[in-house]
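Take these sequences, add in the hints, and give me the full structure.
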Amino acid sequence: MSSDKHIKQAIKNIDEDRETTRELLDDAMRQLAKDPSQHTSLGVVLAKYVETLQRSNEQLVKLCGLMSKNEKSDELTDKDFAQIFDQIQNSEGNEDESK
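Numbers 1 to 99, taken from the numbering used here, label the letters of the sequence shown in order.
These aren't lab readings, by the way, just hints derived from the structure by calculation. Beta carbons: idealized from backbone N, C-alpha and C, even for Gly. Zero decoy hints are in this set.
Subject to a maximum C-alpha distance of 27 Å in a straight line, what follows is the list of computed DSSO-like cross-link-like pairs (lysine-lysine):
1. 62 / 48
2. 8 / 62
3. 12 / 48
4. 79 / 69
5. 62 / 5
6. 79 / 8
7. 69 / 8
8. 12 / 79
9. 69 / 12
10. 62 / 12
11. 5 / 79
12. 34 / 48
13. 62 / 79
14. 69 / 5
Label-pair distances were calculated between CB atoms; the ranges are:
15. 40 / 5: 40 to 50 Å
16. 86 / 27: 27 to 37 Å
17. 44 / 15: 23 to 33 Å
18. 83 / 37: 35 to 45 Å
This is the structure we're talking about:
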């Protein structure tokens with residue numbers, strides 16, 4: 001798979017994770033708006049969703065840095081690809097734990 005395809009796949013995965021997390025966050029916030037007494041139980045869930053979005057932001061920043069490096073050197077290294085996919089895999093693993 002070419003580096004462009006890897007980058008597009010990584011961005012697609014990040015976007016999908018962000019969309020799913022945002023939907024879950026919105027749903028939890030609607031539940032909290034209906035019943036503020038659930039703040040104790042939903043607060044932890046909301047925090048996890050926000051953490052997931054933050055990790056997604058970090059992935060995007062890392063990817064942008066790698067793409068900038070790519071513009072300078074014309075190719076991402078195997079180490080660069082490993083870092084991107086490790087971050088995505090770690091994020092998906094952490095997301096599964098919070099569900």
